[in-house]
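S.K.: Can you make the complete structure from the sequences, with help from the hints?
Protein chains in written order, with my numbering: chain A, 1 to 224; chain B, 1 to 219; chain C, 1 to 246.
Some hints here could point you the wrong way.
Simulated pairs of lysine to any residue, SDA-like, Cα-Cα distance not exceeding 20 Å [as the list claims (entries may be wrong)]:
hint	chain 1	residue 1	chain 2	residue 2
1	C	K74	B	L130
2	C	K108	B	R132
3	C	K74	B	I199
4	B	K211	B	I199
5	C	K82	B	D118
6	B	K127	C	K108
7	B	K45	C	E73
8	B	K211	B	A148
9	C	K10	C	S59
10	C	K67	C	Q4
11	A	K222	B	I5
12	B	K211	C	V136
13	C	K30	C	S59
14	C	K111	B	A148
Hints were generated in silico from the structure; no laboratory data involved.
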Amino acid sequence: MVHLGTNILFAGNNFVRLLEGLWTTVWIAICALIIGLILGTGLGILRTSKNRPVRILLRLYLEFFRIVPSVVLLFLFYYILPRQLNLNLPAEQMAVLAFALWVAAEFSDIVRGALISVPQHQKESGLALGLNGWQLFRYVLLPQALVLELPATINLATRVVKTTSLLMLISVMDVINIGQQIIEANRQTYPNGIFWIYGIIFLFYFIVDYPLSLWARRLAAKQH
Amino acid sequence: MDLSIMQQAIPQFVKAFELTLWLSFVGILGALLVGVCCSLLQYFKVPFLGKVASVYVELFRNTPLLIQLFFLYYAFPVIGIKLPAQVCGIIGLAFLGGSYMAEGFTGGFNGVSQSQLDAGKAIGLNKFQLARYVVFPQGFTLSVPALAANVIFLIKETSIFSVIAIPELTNTALDLVGLYYRSNEYLFMLVLAYAIILIPLSIILTILERKVRYGSFGN
Amino acid sequence: MPEQILKIDKLNKYYGQHQVLYDISFEIQKGEVVALLGPSGSGKSTLIRCLNGLEQFQSGFLFFGGKQITPQEKNWPQLRQKIGMVFQSYDLFPNLSVLDNILLGPLKVQKRQRAEATAEALKLLQRVGLEKYAEVYPRQLSGGQKQRVAIVRALALHPELMLFDEVTASLDPEMVRGILEIIRELSERDNMTMIIVTHEMNFAAQIADRILFLEEGRILEQTPGKEFFQHAKTQRAREFLESMTF
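M.R.: Have a look at this one:
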């Protein structure tokens with residue numbers, strides 16, 4: 001019997017399973033982003049503080065995440081948390097934790113960059129109006145910084161989504177892992193299935209990331 | 001941590017270190033080449049090919065290297081194209097990187113100010129002369145920070161080569177971890193190895209950025 | 001019979017649906033100096049940019065040296081050699097030395113000999129008092145010096161018409177005079193034909209043979225220079241002049 005290659009996508013509940021895997025992937029990305037952005041905002045604000053040791057410490061934190069590739073990061077958490085800290089988390093939560101700390105590091109730099117790039121005269125005009133430190137931050141710096149940092153933040157989100165492709169390495173049942181199971185199970189009936197499964201996963205990632213990067217580019221273009 | 005265990009692993013790490021550097025070097029060179037070609041096709045709006053370049057850039061910029069490598073290494077043999085793992089790695093890195101580099105160059109070209117373009121046109125430069133004497137020299141300078149960031153990014157991406165069993169740094173370290181069940185030592189060496197590559201490199205790139213910027217714009 | 005350099009006939013320009021220039025018609029003879037005056041947003045800069053093809057216009061005719069110009073992208077490089085333009089923001093090329101800025105047009109566009117073009121460039125630099133600065137980069141120059149180089153860069157192509165778009169607007173006040181002197185000398189000594197957009201009323205009064213007064217994209221009046229400042233024809237122009245004096 002001759003099969004159309006594409007049939008592998010719709011045989012049984014394959015497509016639904018792939019979508020479920022995609023959802024796991026996206027969900028982990030969303031959780032990591034939310035936690036990371038909140039934490040990163042705090043760290044970013046601290047990085048503009050006058051306290052030198054704090055600044056240096058946070059800079060080191062950032063540089064660590066800049067140097068360690070995400071694959072390595074995942075394995076650091078995968079091996080070190082349970083063995084050294086006796087912390088046995090499910091793989092999903094471990095991934096969220098690792099990615100969130102990474103996002104926090106990257107985002108702290110975005111926040112800091114945005115805060116220091118609000119022009120000096122804006123701060124001065126705020127002070128001249130008699131605003132105190134907190135009011136200056138709340139009404140002058142923060143609104144302008146938020147606008148400035150939005151494109152970079154969206155770009156960071158696209159990177160997080162792409163990085164979730166590594167989840168399979170620590171045995172999370174993400175879209176790629178499920179894809180591989182389907183390929184294995186159908187090796188006999190659909191020898192070309194591998195092409196279609198990886199093709200659809202490629203497309204999935206593109207569909208999630210492309211609108212985001214388009215949005216980021218629009219916003220960035222508007223700011224110039 | 002056990003120092004003697006680390007000492008014994010040094011030769012393997014050195015080999016993996018060299019391989020990582022070599023694959024990065026060739027892949028990044030390829031990425032720059034692909035990136036320059038695509039951004040030129042886009043800049044001159046070459047019929048058809050310009051569009052192809054844009055589609056390629058968007059497709060590869062917005063998908064993970066892991067999937068691209070799986071395609072090259074596992075799916076291509078099904079249609080009769082069987083390439084050695086390292087070749088797949090280099091091709092993957094060059095095309096993933098090519099899309100990022102193209103974006104970097106294009107961003108630089110677009111960053112050249114309208115008034116500079118006007119000034120160039122006003123002395124009678126045609127489209128190609130304007131590109132050659134105004135847009136490319138200034139645009140290249142503007143794109144250097146993005147290109148430098150891409151270089152760092154691509155070197156880190158070579159860690160993903162471990163999934164197609166290329167014995168680069170990450171793959172080697174994970175192998176050792178699995179073999180001897182000593183994670184601390186080998187993971188520490190792994191992080192150290194990336195630090196040895198990336199810290200000096202990012203310092204060099206920052207200096208380079210400043211030099212190039214000063215050379216073109218004087219600030 | 002004076003020789004006509006440029007003639008504009010019923011030029012209209014839109015940004016999308018929004019019309020910014022309405023039925024602009026005027027001509028300029030060889031050696032004449034025309035100043036475009038008007039409040040900000042009146043379309044002066046847009047108009048002067050249309051004359052050099054830096055802005056497209058949607059209808060109307062443009063004649064240069066008696067020949068009609070089809071405003072297509074490929075015709076402009078040729079024409080721009082004969083129409084020099086200087087901008088508010090100087091816009092020297094930051095990656096080229098002063099001399100290379102000046103030589104780019106003569107060497108690459110006009111394919112002239114380097115020795116001859118260099119000799120001329122140095123002579124022009126000497127004329128604006130910058131002969132010592134040939135080898136320096138724009139970043140080492142003051143605003144006034146940059147603008148002098150920009151003027152020389154335009155002159156090096158031997159233009160028949162010079163366009164000056166608010167060339168003193170970004171300069172420190174003490175730099176303005178030197179630039180205006182150079183422009184006046186161009187008119188008096190070289191009989192250069194010029195169109196000038198400026199906010200320097202005294203300068204316009206002294207140098208302009210004719211004033212085009214624009215408001216909201218229309219030419220409200222064309223009046224000989226002296227006469228415009230003494231008794232402008234339109235009420236709007238009188239109000240404008242009033243607003244410019246303190």
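S.K.: Please work out if C:K30 and C:S59 have their alpha carbons no farther apart than 20 Å.
M.R.: violated, 25 Å
S.K.: Keeping to a limit of 20 Å between CA atoms, is the pair of B:K45 and C:E73 held or broken?
M.R.: holds, 15 Å
S.K.: Hey, B:K211 versus B:A148, does the alpha-carbon distance stay inside 20 Å?
M.R.: holds, 13 Å
S.K.: Regarding the pair B:K127 and C:K108, is the alpha-carbon distance no greater than 20 Å?
M.R.: It holds: about 12 Å lies between the C-alpha atoms, which stays within 20 Å.
S.K.: When you check the alpha-carbon spacing of C:K108 and B:R132, does it fall within 20 Å?
M.R.: Holds - the C-alpha atoms of B:R132 and C:K108 are around 11 Å apart, at most 20 Å.
S.K.: Does C:K74 pair with B:I199 here, judged by a C-alpha cut-off of 20 Å?
M.R.: Distance ~50 Å between C:K74 and B:I199 Cα, so the pair is violated.
S.K.: Does the alpha-carbon distance linking C:K74 and B:L130 stay inside the 20 Å limit?
M.R.: holds, 13 Å
S.K.: Is the Cα-Cα distance between C:K111 and B:A148 20 Å or less?
M.R.: violated, 37 Å
S.K.: Could you grab the alpha-carbon distance between A:K222 and B:I5 and see if it respects the 20 Å cut-off?
M.R.: violated, 55 Å
S.K.: Sort out whether B:D118 lies within 20 Å of C:K82, counting only the CA atoms.
M.R.: holds, 16 Å
S.K.: Within 20 Å, alpha carbon to alpha carbon, are C:K10 and C:S59?
M.R.: Holds - the C-alpha atoms of C:S59 and C:K10 are around 7 Å apart, at most 20 Å.
S.K.: Holds or violated: are the alpha carbons of B:K211 and C:V136 at most 20 Å from each other?
M.R.: holds, 18 Å
Checked against the numbered hints above, the structure breaks hints 3, 11, 13, 14 and satisfies the rest.
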